[in-house]
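Input sequences plus hints: build the corresponding full structure.
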Amino acid sequence: MIYNVLFYFLATKIECDHKGNIIKKTPCSRQIGTTVSLTNLFVSLPVRLKEFHKNVKREFNKMTQLLYAYCLISLGVKITCSNQTSANSKNLVVATQGSMSYKDNIACVFGLKQLQSILEIKPEYVSNIKENIFKGLSQDVALTEEQSIADVEINLSEDSNDAENIESQDICSSQKSQGYQNVVKPIQFTGFISSCAHGSGRSTTDRQFYFINSRPCEPTKIIKLINDVYRQYNPNQYPFVFLNVNIETASVDVNVTPDKRKIFLTKESIILDVLKNSILKLFESIPRTLKIDASLHKDIVDTVKPVTSQPRIFNSFLQQFSNKDVSEKNSIHNSRSIEKPDLKRKSTSILDFISSKHVRKVDDEYLPDDCSVKHSEYSVEDANNIKGECVSKYGEPSINNEKNIKNSSNKTISLEGSNEEPITRNNHEVLYLESTDKLPDTQIRGINDIEVQKKHTIKCKTNSSLLKPSLTSTDVRKCKVLTDRDDLGKYNKRSVTLKTSLDHVKHLANIYQNNKYKTLPERVKFKSTINPVHNKKCEEELSKEISMESFKHMDVIGQFNLGFIITRLDDDLFIIDQHATDEIYNFEILQKTTELTNQKLVVPQPLELTGVNEQILMDNLEIFKKNGFMFDIDESAPPTKRIKLLTIPMSKNWIFGKEDIEELLFMLRESSSEYCRPSRVRAMFASRACRKSVMIGTALSKADMKKLVIHMSEIDKPWNCPHGRPTIRHLVNLALIHVKDDVE
Amino acid sequence: MDTQTEIKPINRDTVHKICSGQVVLSLAVAVKELIENSLDAGATNIDIRFKNYGIDLIEVADNGCGVTEDNFAALTLKYHTSKLSDYSDLLGITSFGFRGEALSSLCALSNLSITTRHQSAGYGKFSFNILELYFAIANVNYNCH
Chain L
1 MIYNVLFYFL
11 ATKIECDHKG
21 NIIKKTPCSR
31 QIGTTVSLTN
41 LFVSLPVRLK
51 EFHKNVKREF
61 NKMTQLLYAY
71 CLISLGVKIT
81 CSNQTSANSK
91 NLVVATQGSM
101 SYKDNIACVF
111 GLKQLQSILE
121 IKPEYVSNIK
131 ENIFKGLSQD
141 VALTEEQSIA
151 DVEINLSEDS
161 NDAENIESQD
171 ICSSQKSQGY
181 QNVVKPIQFT
191 GFISSCAHGS
201 GRSTTDRQFY
211 FINSRPCEPT
221 KIIKLINDVY
231 RQYNPNQYPF
241 VFLNVNIETA
251 SVDVNVTPDK
261 RKIFLTKESI
271 ILDVLKNSIL
281 KLFESIPRTL
291 KIDASLHKDI
301 VDTVKPVTSQ
311 PRIFNSFLQQ
321 FSNKDVSEKN
331 SIHNSRSIEK
341 PDLKRKSTSI
351 LDFISSKHVR
361 KVDDEYLPDD
371 CSVKHSEYSV
381 EDANNIKGEC
391 VSKYGEPSIN
401 NEKNIKNSSN
411 KTISLEGSNE
421 EPITRNNHEV
431 LYLESTDKLP
441 DTQIRGINDI
451 EVQKKHTIKC
461 KTNSSLLKPS
471 LTSTDVRKCK
481 VLTDRDDLGK
491 YNKRSVTLKT
501 SLDHVKHLAN
511 IYQNNKYKTL
521 PERVKFKSTI
531 NPVHNKKCEE
541 ELSKEISMES
551 FKHMDVIGQF
561 NLGFIITRLD
571 DDLFIIDQHA
581 TDEIYNFEIL
591 QKTTELTNQK
601 LVVPQPLELT
611 GVNEQILMDN
621 LEIFKKNGFM
631 FDIDESAPPT
641 KRIKLLTIPM
651 SKNWIFGKED
661 IEELLFMLRE
671 SSSEYCRPSR
681 VRAMFASRAC
691 RKSVMIGTAL
701 SKADMKKLVI
711 HMSEIDKPWN
721 CPHGRPTIRH
731 LVNLALIHVK
741 DDVE
Chain P
1 MDTQTEIKPI
11 NRDTVHKICS
21 GQVVLSLAVA
31 VKELIENSLD
41 AGATNIDIRF
51 KNYGIDLIEV
61 ADNGCGVTED
71 NFAALTLKYH
81 TSKLSDYSDL
91 LGITSFGFRG
101 EALSSLCALS
111 NLSITTRHQS
121 AGYGKFSFNI
131 LELYFAIANV
141 NYNCH
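Sequence order for the protein chains is L and P.
Numbering of the first sequence is given in our numbering, commencing with residue 1 and proceeding in unit increments.
Numbering of the second sequence is given in our numbering, commencing with residue 1 and proceeding in unit increments.
A portion of the hints provided could be inaccurate.
Result set (PhoX-like, lysine-lysine): computed pairs, CA atoms no more than 20 angstroms apart in a straight line [what the hints assert, rightly or not]:
#1 L/K536 - L/K499
#2 L/K24 - P/K78
#3 L/K50 - P/K17
#4 L/K221 - L/K260
#5 L/K103 - L/K652
#6 L/K260 - P/K83
#7 P/K51 - L/K62
#8 P/K17 - L/K57
#9 P/K51 - L/K54
#10 L/K54 - L/K78
#11 L/K592 - L/K692
#12 P/K78 - L/K260
#13 L/K625 - L/K592
#14 L/K19 - P/K78
#15 P/K83 - L/K50
These are calculated hints, taken from the structure and not from any lab test.
Keep in mind it's a predicted model, so treat the numbers as computed, not measured.
This is the structure we're talking about:
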């Protein structure tokens, strides 16, 4: 009783107008502290008010994300957040217990399960510059200051104590240069991160909280670094991150943006170094990660950032390498081959060898028999070589040959009697071919033979080699076949029997004439070539130019290779993958219609979802039911304990669980759609659809093909099969072909 | 026609409204500012209540130090803060807020009411009574033993 009397009227309630003036003061009762109440938020900004009301749930979710950050960082503060909607009663969003440890806060907000999969990041100060350099850290030092690189190299030979001194000096000097001469405080931080063991991370970055001096913020570089490092170990997931960096306030600028979320740091690079080192150290010591993974990772680091690991050596190497590369490119001009640099280097040595040998051979050329023997040797060697050389040989040796052989064999050529000019030119081509051993040794028996062969090889040359200098090995073989004596006769005569009548010719001429007047199509609809690189472009083009209706109007022309349907729409020919298209159709039908059967759990499983996620789940029970998940909801329980899993979907060999629920929740939060399916359900549908579909190699009747094409018009996204294979591609525009003919 | 208009200062109320819209961008920022105020006040218990996701009501109640009566007038004025008085203070700032624009901006954008009681208000008498009560109970217990 005494109390009440004492603290009655000790608090004051203030009401303000929009200008910030107090309009009313009323005494009231309250314990020590402050309550701020906002009603009609954004009432004075009509546009924002409307936007706020429209997206209120999304705004609320964003707010809770931010609220989590404050819940996690506030030690000894009990934060409770609740929401009351008109429909249901008070709903707890999040509650912390006012504990003095960050771990307890994490458990309060995200549940105990999250706590089990995280590890504490212990600050790992870079004590050894050697290690530092090899790990690719302190990049800025290596890159900006030549001097420091020199220091480092000297230090490599000395003991680590010295290195340590130098390193601290480095820090000092870098600080001096930035205008801070304060006593160096080491960077301290408290951090937790998901273990990098497979499956310990999260599918999104939704649980990453960064603080500088306990202030929640978004330090983009740190975020990027942590995610990058984590993905080296666990490439498909993102970590849970809680990181509070403590540095002297003088080196932080918080007054950047109105919401104070962006922060400038003067010692950012040092923080990044320490962080990277700490996380690498942490993950290295995880027993569950395979050792192979670690070594693999090191390789990656080495190849990606070799400059920092061995600055000088690598640079010089790089220079040499690039020089070589350029010269190589020059010699192997036109060759489109993408080969590893090692191979290229090897090829030069072989090239040297070959060309030297070749010169000798040219000297011997007067004796055809010897020569041919050598050629045969050569071809054996050649078989082992890659096409790059074949092309590179093209350069010098052939020219040498020309000079030598002109003397020797010009006579024989003139004997042949036809125009001299093309043959002398061709002469050198022949020699080229000979020198590259594309002609078998059997040819060269006598002078006459050579002539005939020459004439033939000329043809070969102009057809293949000259136009496409990048002869592949198969091309080479082809040449050999062609130069066989049996074939020579045919090619020499070039006689083709052609059955025709005058009418037929006239008719053809008419068609030709008509085509000639056909102008170019007004607009080329499809420009992309069929190439996996251009898949996206192709798809865009197709979805722009082909409506769902146009599938119905497509004429089926026929089946190609028992795997593809060729169709025509006006002047455009399309190729459709019969399996892929049937698969996506079956898949979409399955996805739309299937309701997964569920199995009841003997003991309901607690889910430990965050308050927001619980809310989303309760709002979308129907979608979960469709996916076979049923829940037991206890609205009066504290958050993270309100929802228990009652049933899980079962489908033959597939078993689903909590991860799928989390995934579904995430999908629903990003964009709610009726057909939300977790990725594993999707995968199951995809594999079922695949088995159900028409296989490659099945012969189809025209009606079957038509049906498949029409099915394409009935689905949402016909462009790719569920596994990502493209279903349809543009082949050619017939109008364009005619025009091309005319031009030629 | 000469259409050049005179360049003149914007009146204070308009400035207030313009700037406030820039400070509080969303619900998240509004709540963030209020939580930061509570944390800066040294609260150990913060209770956040929403009605209808914040459309009807956003309320943040804390057990922080409260505000004394003589600060009431400056509480909701733009660029009034207890956190710093000189720019150099910003370098050593440890509190969340420092610009003195959160509450005044919220004022401009919504209907705001503050209920506060400072720790000095009736503090001495209160604690004395508690002690008295405590000793009384202790005495009773002691006597019982």
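Open item on the list: Next pair to validate is L/K625 with L/K592; report whether the Cα-Cα distance is within 20 angstroms.
Closed with: holds (14 angstroms)
Task: Hinted pair P/K17 and L/K57, Cα distance within 20 angstroms - done: This hinted pair is violated, its Cα atoms lying about 26 angstroms apart.
Open item on the list: Checking one constraint from the list: CA of L/K54 to CA of L/K78, max 20 angstroms. Satisfied?
Closed with: Violated: L/K54 and L/K78 sit about 32 angstroms apart, past 20 angstroms.
Open item on the list: Hint check: P/K51 vs L/K62, CA-CA at most 20 angstroms. Holds or violated?
Closed with: holds (16 angstroms)
Open item on the list: Next pair to validate is P/K83 with L/K50; report whether the Cα-Cα distance is within 20 angstroms.
Closed with: violated (34 angstroms)
Task: Pair hint L/K50 and P/K17, alpha-carbon separation not exceeding 20 angstroms - done: The given pair, whose Cα atoms are some 18 angstroms apart, holds under the 20 angstroms limit.
Open item on the list: Check whether the Cα positions of L/K536 and L/K499 lie no farther apart than 20 angstroms.
Closed with: violated (47 angstroms)
Open item on the list: What's the verdict on P/K51 and L/K54, does the C-alpha distance respect the 20 angstroms limit or exceed it?
Closed with: Satisfied, since the Cα-Cα distance of roughly 16 angstroms is no more than 20 angstroms.
Task: Holds or violated: L/K24 to P/K78, with C-alpha atoms at most 20 angstroms apart - done: At roughly 19 angstroms apart (the allowed maximum being 20 angstroms), P/K78 and L/K24 satisfy the hint.
Task: Restraint status (C-alpha distance of L/K19 to P/K78 at most 20 angstroms) - done: holds (9 angstroms)
TODO: Take the C-alpha atoms of L/K103 and L/K652, compute the straight-line distance between them, and say whether it is at most 20 angstroms.
DONE: The hint is violated at about 40 angstroms.
Task: Restraint check for L/K592 with L/K692, where alpha carbons must lie at most 20 angstroms apart - done: holds (16 angstroms)
In this structure, the earlier hints numbered 1, 5, 8, 10 and 15 are contradicted, and the remaining ones agree with it.
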